[in-house]
Amino acid sequence: HDYGPPLRDLLKGYFDGKDTAERSLFQLFPSGTGTAVRPGMVHGTRYVGSAVPIPLSMVGKPLEVLLGNPLVKSIVQGSVFPSVLQRLLVPAASASKVAKASIDALMSPIPPEFDDGSVEERVVDVWEILRS
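In terms of this note's numbering, the sequence shown opens at residue 5 and continues consecutively.
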């Protein structure tokens, strides 16, 4: 997910690296043969070192449930919130949902819109990840 400014400006190197990786992906795998997966925050249990678990789902799961709600999504993406907040208020996704969406993109046939050349870049965004 591209959060845009100001977060993109604060984490410039991180987002520039992601952009470079995606450009390379689409150059090496054109016309829908490569897929970029763009979640927002990914939650699950992260381990620091070999033994210290950090339960990111304690924050991520409530964000996924709240911001993934269709009513909340329509309010956030409506005209009530400025665009900078709309880009920041996206749901988190569990690591297992991101993995499933990635495997689904890998194993599914290339969508027909890539056949006529009208679409070049195949992207799975946070909303598609949550539907997986």
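Heads up, a few of these hints could be off.
Using C-beta positions, here's what the derived DEER-type ranges look like [unchecked claim]:
#, residue 1, residue 2, range
1, 79, 33, 21 to 27 Å
2, 8, 69, 42 to 48 Å
3, 49, 123, 35 to 41 Å
4, 8, 76, 15 to 21 Å
5, 31, 52, 23 to 29 Å
6, 111, 57, 17 to 23 Å
7, 23, 83, 34 to 40 Å
8, 49, 131, 34 to 40 Å
Just so you know, the hints here were simulated from the structure itself, not pulled from any lab data.
From a predicted model like this one, the values you see are computed outputs, not experimental measurements.
Backbone N, C-alpha and C define an ideal beta-carbon position, used for all residues, glycine too.
- Item | Contradicted hints - numbers only | 1, 2, 5, 6, 7 and 8
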